[in-house]
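Chain by chain, the residues run as shown.
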Amino acid sequence: MTELQQVPEYDANGMYQLRLFVTGASPNSTRAILNLKNICNEFLNGKHELEIIDVHQQPLLVQQEQIVALPMLIKKGPGAERRLIGDMSDREKVLRGLGLS
Amino acid sequence: MSTSPKKSQVHHPSLPKTPTGIIGLDEITDGGLPKGRPTLICGEAGCGKTLMSLEFLIRGATEFNEPGVFMAFEEKASELTMNVASLDFDLDKLQAQKKIRLDYVHIDRSEIEETGEYNLEGLFIRLGYAIDHIKAKRVVLDTLENLFSGLNNQTILRAELRRLFQWLKEKGVTAIITGEKGEGPALTRQGLEEYVSDCVILLDHRVINQISTRRLRVIKYRGSIHGTNEYPFLIDEEGISVLPITSLKLEKEVSSGRISSGIPAMDKMLGGHGFFKGSSILVSGTAGTGKTSIAAYFANETCKRGDKCIYFAFEESPKQIIRNMHSIDVDLQRHINKGLLQFHASRPTLHGLEMHLVVMYKVIKKFKPDVVVLDPITNLITVGSVSEVKAMLIRLIDFLQEEQITVMFTALTLNNIVNEQTDEGVSSLVDAWILVRDIEFNGERNRGMYIMKSRGMKHSNQVREFIITDKGLDLVEVYLGPEGVLTGSAREAQKLHEQTGEVLRDFAVSSKDRELTRKRKVLEAKISNLQMEFESAEEELNKMYQQEELIKQAALNSRLEITSRRRGEYRDEKGKIND
Numbered sequence: 001m002t003e004l005q006q007v008p009e010y011d012a013n014g015m016y017q018l019r020l021f022v023t024g025a026s027p028n029s030t031r032a033i034l035n036l037k038n039i040c041n042e043f044l045n046g047k048h049e050l051e052i053i054d055v056h057q058q059p060l061l062v063q064q065e066q067i068v069a070l071p072m073l074i075k076k077g078p079g080a081e082r083r084l085i086g087d088m089s090d091r092e093k094v095l096r097g098l099g100l101s
Numbered sequence: 001m002s003t004s005p006k007k008s009q010v011h012h013p014s015l016p017k018t019p020t021g022i023i024g025l026d027e028i029t030d031g032g033l034p035k036g037r038p039t040l041i042c043g044e045a046g047c048g049k050t051l052m053s054l055e056f057l058i059r060g061a062t063e064f065n066e067p068g069v070f071m072a073f074e075e076k077a078s079e080l081t082m083n084v085a086s087l088d089f090d091l092d093k094l095q096a097q098k099k100i101r102l103d104y105v106h107i108d109r110s111e112i113e114e115t116g117e118y119n120l121e122g123l124f125i126r127l128g129y130a131i132d133h134i135k136a137k138r139v140v141l142d143t144l145e146n147l148f149s150g151l152n153n154q155t156i157l158r159a160e161l162r163r164l165f166q167w168l169k170e171k172g173v174t175a176i177i178t179g180e181k182g183e184g185p186a187l188t189r190q191g192l193e194e195y196v197s198d199c200v201i202l203l204d205h206r207v208i209n210q211i212s213t214r215r216l217r218v219i220k221y222r223g224s225i226h227g228t229n230e231y232p233f234l235i236d237e238e239g240i241s242v243l244p245i246t247s248l249k250l251e252k253e254v255s256s257g258r259i260s261s262g263i264p265a266m267d268k269m270l271g272g273h274g275f276f277k278g279s280s281i282l283v284s285g286t287a288g289t290g291k292t293s294i295a296a297y298f299a300n301e302t303c304k305r306g307d308k309c310i311y312f313a314f315e316e317s318p319k320q321i322i323r324n325m326h327s328i329d330v331d332l333q334r335h336i337n338k339g340l341l342q343f344h345a346s347r348p349t350l351h352g353l354e355m356h357l358v359v360m361y362k363v364i365k366k367f368k369p370d371v372v373v374l375d376p377i378t379n380l381i382t383v384g385s386v387s388e389v390k391a392m393l394i395r396l397i398d399f400l401q402e403e404q405i406t407v408m409f410t411a412l413t414l415n416n417i418v419n420e421q422t423d424e425g426v427s428s429l430v431d432a433w434i435l436v437r438d439i440e441f442n443g444e445r446n447r448g449m450y451i452m453k454s455r456g457m458k459h460s461n462q463v464r465e466f467i468i469t470d471k472g473l474d475l476v477e478v479y480l481g482p483e484g485v486l487t488g489s490a491r492e493a494q495k496l497h498e499q500t501g502e503v504l505r506d507f508a509v510s511s512k513d514r515e516l517t518r519k520r521k522v523l524e525a526k527i528s529n530l531q532m533e534f535e536s537a538e539e540e541l542n543k544m545y546q547q548e549e550l551i552k553q554a555a556l557n558s559r560l561e562i563t564s565r566r567r568g569e570y571r572d573e574k575g576k577i578n579d
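Chain order of the listed sequences is A and B. Per my numbering, residue 1 is the first one in the first sequence, and the count goes up by one each step. Per my numbering, residue 1 is the first one in the second sequence, and the count goes up by one each step.
Extracted from the complex, chain A is given alone in its bound form (with noise of 0.2 Å):
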């Protein structure tokens, strides 16, 4: 928890990458699409560029990016990269991820 407090907190003009990895149409990768989608809409007024990929299409990519669990989101910037897993549903887990809480 404490390292939380070290990652630099809401950069005004940075602007947020995120990466969202998926299993196709299950119910928890929507799930999860949906509710980040709300999350960032709330938050970060546009100042994201959100990927969103499906890992059935690029297999290479799981091992690069060490994914285990999914869904996953990667927070490439700013500051430190945070990697969330599940469906976003625990709102304030999703915020406090992406250092905006």
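Source of the hints: derived by calculation from the structure; they are not laboratory data. Mixed in with the good hints there might be a few duds.
As the list claims (entries may be wrong) - Which bits of chain A does chain B cover? Going by a derived footprint, with three or more residues having C-beta under 8 Å, they are:
(1) 37–44
(2) 47–54
What the hints assert, rightly or not - Residues on chain A that point at chain B, a partial pick, calculated with CB under 8 Å:
(3) Asn28
(4) Thr30
(5) Pro59
(6) Gly97
(7) Leu100
We treat Cβ as the ideally placed atom computed from N, Cα and C, and that holds for glycine.
With chain A fixed as given, assemble chain B onto it according to the hints.
Chain B only, in chain A's frame:
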């Protein structure tokens, strides 16, 4: 191992198996791991789980042409490659040949936030991709339990693991899952054994009396027979070797061939030909009775015949033995140079007993000797109890007899009283038992030797004096004097004494002979005298008789003459009367 009779029996369709290629393991599991199913290898940290599973993949790739995927949750691919490079396995090359694929899965709890429902589909995709990519038949998941330290949601994890094993079975790959030993009776920390129920192998690394031994046990193997004992195993430069504890059957081949002990007099005591080939021989005795010399002589004789011999020394270094044996005119170095003799010297405390056995087993399998010498077995007692040493030696003897190798043990007996048991209690196991003992008498210590037993052959029941000279070893008959057994100088004195007696007797005999001759001569002279007397008397008598005859004739003639003259007859010259 065992041949035809079993195969001819009605064979039920048995579980297909995937050979591991690991020395000994396939024998224990009767062919390998269950094909197309997951196997759990569990054990404490540092007991060789990763190595065993990696060797399974490498052997599969190199020996059975079955590519394999190694999914590491603990070590990075580069670390793994480094680790096994010391074992002569070139992982980089195998990866380049697409025979093995390493995938390091990194999970760090501090980097991950769990925000709701998820699954491990990522792992499935990775694994699936890797398997399809190199057409893998074997998969290793090295410490899958690391997932539990990286992810929080146990419910999801457990459900996903169950799905993973199901999925692996569907894929038809033979998988090994490793798991760390849990607390108490649990085999793994997270109870993986719940999911993997086909085959479970437990590795153990135990330290007893500061000596560590690795052991392996097949806890469970559904649908197959398997060895249930704990088997010691060894990790060395060639990977893992498991030692199957010999078969319990006593149906070894036997040979009636004989091999010489190197000491002709001893061979003579053993029915004239020496020991049986493939038998076990125990030489026991107190300190300094020449046990090592007998063993070295035996080894020397073996090599002289051109046979191979391994000498396991637990007390002295090879150099020391070679030097010492020069003093009895045995040159072992030349046999070493010719490659007929191998020395393996190690302190008994180097490994546990089991490990000694594994090491010996390996060395013997490799060198294929005709004769093995263990000098001395007594020292092994320092690393195990009597019963353990005995159990180990039983297995060694079993193994050697199966291979038709003759073995000679030397053992130190601690007291001078000949007891019916040696310290290691192996006397009942061996085929021949030679006992060397001190005979203290007349202010000196000499060595006496006898054959306590020698199965299946006529052997001498006599105690012989065993002498060690700079010419070598020899046995001489012990003299039995009025005060008991005579050895050493007492024996020499007795010998001398007897020699003197012989000379005296010889002298006496010859003088008697002469007297007899003399007497005979006298008698003979007398006999001839008498004979001559008799002859002359006879002649005298004959003469008289002839004279009388002549006189009688003459008288007759003259009477006739007179008569005829009176008649006036004239007798002619022929005596005819003419009228």
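Margin query: Min Cβ distance, threonine 30 (chain A) to chain B: is it shorter than 8 Å?
Written below: Since chain B brings no Cβ nearer than about 11 Å to threonine 30 (chain A), farther than 8 Å, the hint is violated.
Check: With a cut-off of 8 Å, does the beta carbon of proline 59 (chain A) approach a beta carbon of chain B closely enough for the hint to hold?
Finding: This hint holds: proline 59 (chain A) lies near chain B, its Cβ roughly 4 Å from the closest one there, short of 8 Å.
Item checked: Interface hint outcome for leucine 100 (chain A) [beta carbon to chain B under 8 Å] -> violated, 12 Å
Margin query: Does glycine 97 (chain A) hold up as a contact with chain B if the rule is Cβ-Cβ below 8 Å?
Written below: Since the shortest Cβ distance to chain B is 4 Å, the answer is holds.
Note to self: Is the listed coverage of the segment 47–54 of chain A by chain B valid when you require three or more residues with a beta carbon under 8 Å from a beta carbon of that chain?
What the structure shows: violated (count 0)
Check: For the segment 37–44 of chain A, does the count of residues with a C-beta closer than 8 Å to a C-beta of chain B reach 3?
Finding: The restraint on the segment 37–44 of chain A is violated, since only 0 of its residues have a Cβ under 8 Å from chain B and three are required.
Item checked: Supplied contact hint for asparagine 28 (chain A), tested at 8 Å Cβ to chain B -> holds, 5 Å
Checked against the numbered hints given earlier, this structure breaks hints 1, 2, 4, 7; the rest are met.
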